[in-house]
Amino acid sequence: MIICTDSNRPNVEPYILADEDRAEIEHHIHHYDDARAASIDALKVIQRRHGWVPDGAIQPVADLLGISAPDLEGVATFYSLIFRRPVGRNVIKVCDSIACHLMDFEVVQDAIIKHINVGLGETTADERYTLLPICCLGTCDKAPAIMINDDTHTNLTPEQIPALLEKYV
Amino acid sequence: MSLPSNNLGEIKPLTYRIVDNKPIVDINEYEALDGYLSVRKAIPAMSPADVQAAVKDANLRGRGGAGFPAGIKWGLIPMGPDAGAKYLVCNADEMEPGTFKDRLLMECLPHQLVEGMIIAAYAIQAKRAYIFLRGEYVLAAKHLNEAIEQANAKGYLGENILGSGWSLDMHVHTGAGRYICGEETALINSLEGRRANPRAKPPFPQIAGLWGRPTIVNNVETLSNLSHVINRGAEWFKGLSQGKSPDGGTKIYGASGKVKNPGLWELPIGTTAREIIYEHAGGMRDGLELKAWLPGGASTDFLTPDHLDLAMDFDTIMKAGSRMGTGLVMVVDHTQSMVSAVRNLEQFFARESCGWCTPCRDGLPWSVKMLLAIERGEGKPEYLDILQQLTRQLGPGKTFCAHAPGAMEPLQSALKYFRSEFEQGIAAPATAAAIA
Ligand SMILES: Cc1cc2nc3c(=O)[nH]c(=O)nc-3n(C[C@H](O)[C@H](O)[C@H](O)COP(=O)(O)O)c2cc1C
Ligand code: SF4
Ligand code: FES
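The listed protein sequences derive, respectively, from chains A and B. When we follow this note's numbering, the leftmost residue of the first sequence carries the number 1, and every step to the right adds one. When we follow this note's numbering, the leftmost residue of the second sequence carries the number 1001, and every step to the right adds one.
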């Protein structure tokens, strides 16, 4: 177990890297010829545990990868599916690319916004849902499409939205 | 080890094994359908040079969008005992809007990709291969990981493959979003655990790619063709297009938008868009007429109903002023606004710009701003000229990578064919004065 405080960022909560997470990150590192290549895998390991990547995790993970914390932060902030802010228990990703536009995804998106009462990029007060836009989900023949967590939902109509969202607690 | 004559396998090599979209993940089931035959045929009996020659003779052109011949790309890789570490990377980032073919190939036939990658890696004598898979393809990741594990257990991967003295390990790397990761040098940066900004070319990845070593990046569909080229030969492969195109092979075409029956079909390369849209996709939905179509993704120029009889191959669509791209057609019907469609496209490109170079980072949001105004009927008279200028200022050679030029393709063609729709969004002088 590594306990770490970041001297450059005294306000950051000390972070305890779980033993399983550390082992999993080390396992990923073995797949590459250079440890930093496991950066995204490592950030995903942390994100799986917390739903996002807490500030304190950056330094111990960077240490494991042999790079500086700002360097890892630069990677973390580049990728849209690494979250550097807390998100809701369920992340709704609405495809807003052209094939879904041609199939009127906007009415589905409006139905989602109406049901959860927050806009794109926002999280509900009860932390149940976060709503995000996403690029083409590669299921354009079944547009409009969305993902909720790891599940892809296709051929959606606005009428289906309330019941679908209620399945995710 | 002769290949039984199998009609469907001879016409639709990539998809004949897929029945009712049922995935084949069990390696025994795949082997019973001639799976891994090409690996047993080529390794070690064929030399890497023989494999390269077969692929070059087949003139297999890259299916990732640009159509560069795979054999020629491989030919640039240094060979010989002193060449050192080399890598093969499969581009499975499939994020080009409108494209959903690689998903099918990976979810339903993961072993076909693994088999093709073994052939490609052997041909260039790579020691390691990565599949760069977009993170959202959860089922594909599961199936590919299972396939790799089974191929290891059977000795098709790992140390000293089939007694050849050559070893290969293969890994799935899952991404975390950002369309630009599909650009091959950005992909390499991403795979190295960096921000996915593209790299300067030259040097090309074949000379200095992953960790500075010679690297081949090929698309999923390109690699999925390789086992068949080895099994049945270059002449057979070239004949697959049935004279519809000078190019060889089949292509996984598709259609989306308001057609009756959207989907994917493996057809001879060079099949016309008319056949794809009106026969396979069943034509437009009742009451709708075709107004425009994108031949193969968001970064291809719009074409019109006048172009429907062109062969869907790289050179023909290029001559018509567009690109075949990924070959998955999107249709725009007569009720839809071209301004809105282009605004949606440019919003996508603006959001997905990696931010590295100024024309793209600043020019794309500017185009969105003007398009939004035109969409609301509040465009200023100079907007059309500025948009037209942007198509040049963000065009080929003006930016660090092909992202921005790709973004300009639908804009420039929409301005060319549907200019009046844009003009209608320019506010009348009185209104314009009121807005200003
Ligand atoms: C912005 C951008 C995005 C791209 N996205 C992809 C992609 O998702 N998948 C892909 O195979 N090629 C993509 N490409 C093309 C790759 O750079 C590269 O040409 C291709 O992977 C080479 O494979 P191929 O020769 O087998 O076609 C993209 C190119 C650009 C400029
Ligand atoms: S053209 Fe756009 S995506 Fe490409 S390097 Fe420049 S900013 Fe990045
Ligand atoms: S555009 Fe939405 S799934 Fe492809």
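You may find that some hints are simply not true.
[Stated by the list, open to error] As a list, the in silico EDC-like pairs of lysine to aspartate or glutamate whose alpha-carbon atoms are at most 20 Å apart:
id : chain 1 : residue 1 : chain 2 : residue 2
1  : A       : K142      : B       : E1107
2  : B       : K1258     : A       : E106
3  : B       : K1142     : A       : E106
Derived by calculation from the structure, the hints in this document are not laboratory data.
Now the hints, each set against the structure:
1. K142(A) to E1107(B): Distance of about 16 Å is within 20 Å: holds.
2. K1258(B) to E106(A): holds, 15 Å
3. K1142(B) to E106(A): violated, 31 Å
Comparing the model with each earlier hint shows a violation of hint 3 alone; every other hint is respected.
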